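> Model the full structure from these sequences, guided by the hints.
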Amino acid sequence: MRHVPFIKLVGEFDWGVVRWKFFNPIRKASLQGNMVLRTLTSSPSALVTSPRPSSSRLPSSIRDHRSIFRNMSPLKVTVLGAAGGIGQPLSLLLKQNLLITQLALFDVVPVVKGVAVDISHVNTPSQVSGFTPEDDGLAKALKGADLVIIPAGVPRKPGMTRDDLFNTNAGIVRNLATAVAENSPKAFILVISNPVNSTVPIVAEVLKKNDVFDPKKLFGVTTLDVVRASTFAAQVVGQTEKAHEYKIPVIGGHSGVTILPLLSQSNPPLPSSVLSDDTKVKELIHRIQFGGDEVVQAKDGTGSATLSMAYAGFRFAESLIKAKWLGQTGVIEMSYIYVAEDAHIKAHTDGLEYFSVPIELGPEGVHKLLPIGQINDNEKQLLKICVNELKGNITKGISFVNKL
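Numbered per UniProt numbering, the sequence shown spans residues 1 to 404.
Listed next, with one range per pair, are the computed distances between beta-carbon atoms:
| hint | residue 1 | residue 2 | range |
| --- | --- | --- | --- |
| 1 | Q235 | D377 | 24 to 30 Å |
| 2 | S272 | N402 | 46 to 52 Å |
| 3 | G327 | S273 | 39 to 45 Å |
| 4 | P271 | P158 | 34 to 40 Å |
| 5 | K143 | P363 | 19 to 25 Å |
| 6 | V212 | G327 | 23 to 29 Å |
| 7 | V117 | G301 | 28 to 34 Å |
| 8 | P271 | Q374 | 17 to 23 Å |
| 9 | P268 | N402 | 42 to 48 Å |
Here are the simulated DSBU-like cross-link-like pairs (lysine-lysine), alpha carbons at most 30 Å apart as the crow flies:
| hint | residue 1 | residue 2 |
| --- | --- | --- |
| 10 | K208 | K346 |
| 11 | K216 | K346 |
| 12 | K216 | K403 |
| 13 | K113 | K140 |
| 14 | K209 | K396 |
| 15 | K216 | K396 |
| 16 | K186 | K396 |
| 17 | K208 | K186 |
| 18 | K368 | K143 |
| 19 | K368 | K209 |
| 20 | K380 | K216 |
| 21 | K157 | K299 |
| 22 | K280 | K384 |
| 23 | K209 | K346 |
| 24 | K346 | K247 |
| 25 | K157 | K113 |
| 26 | K143 | K216 |
| 27 | K391 | K368 |
| 28 | K384 | K403 |
| 29 | K380 | K242 |
| 30 | K186 | K140 |
| 31 | K380 | K368 |
| 32 | K384 | K247 |
| 33 | K299 | K113 |
| 34 | K280 | K299 |
| 35 | K396 | K384 |
| 36 | K143 | K209 |
| 37 | K247 | K368 |
| 38 | K391 | K403 |
| 39 | K280 | K380 |
| 40 | K282 | K384 |
These are calculated hints, taken from the structure and not from any lab test. Predicted model, so just to flag it, every value in this text is computed and none were measured. No residue lacks a Cβ here, since even glycine has one placed at the ideal position from N, Cα and C.
Spelled out as structure tokens, the structure:
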């Protein structure tokens, strides 16, 4: 039997089983459809020349996944701040996801409609629409949304303090959260807008005031810290090509000293030559905590970490989609969430209401909070610093809403 080129084959399997983004072999663990890709690439005999082979001739794994995709309910994703430095690449990444049926892009600048048209030309199933505040655009963008992602706000610039960033973005996030509460109260919400340590409490307080707060559905996206930890750790040990293999929990918050990478829990373990070297450990932790500064400086003050943040936001969104819409179990991510009702976390964090912890995602959102685990003496000291800083960040966000 003649074997057709793999790229041609993927183009022919365009009914929602295989996704072209899986060309990158590093992305081994995305949607369940990736199982199909491994079947195709590992078994040349499975490749067929017919552009629409009958179900009986397809490998069983493909037939099973066709059924999964066919029986899924519609999935509408709304991006608030879709024309920004994070919003545009994030929206493009979301367009690649074959499970999304509607992609609504909202921004206050008119160019968002052009962004929507541009992205709509990508040949994937989702229908893309752009909205501005005119003609009740925000409400229309949010109506019926299953998942809302908020990257709106101004990026951090050189010389900008956290107070400066908060004073600008807090009001934006509060207003958007109000719109979500009114138009899509049951949606899952991913908050990217900085400072996340404060904006997540802002969103929560707004939802509480509208009697629609579900702590299992609100997430502060801290995935970029996890991504950086993997990348930088691999560089330190001289294995950059294996960066995707390093899994390092990063707890706490999403800025500066509130970011606490647990290097002692790295899987695979970091070599003793690193962990026993206080200087190397200190430098690695500092780089993970202040990786954003590295990008701002490299861009000479003209931008911040927009592309890597878009990737991180997309990764978390995909994990949630896997758990909620595909029903996949064992989906683990780190996220800054409401933890006030978890005794284990509270015992480690002096009663903080919000903290980034490892969680298992499920159909309801947060299925389970996972224990922080054993930490070494150095990490215990850093945890104290983290908790002390977070207290002020959280209080600031809560007070911003309740003082009104």
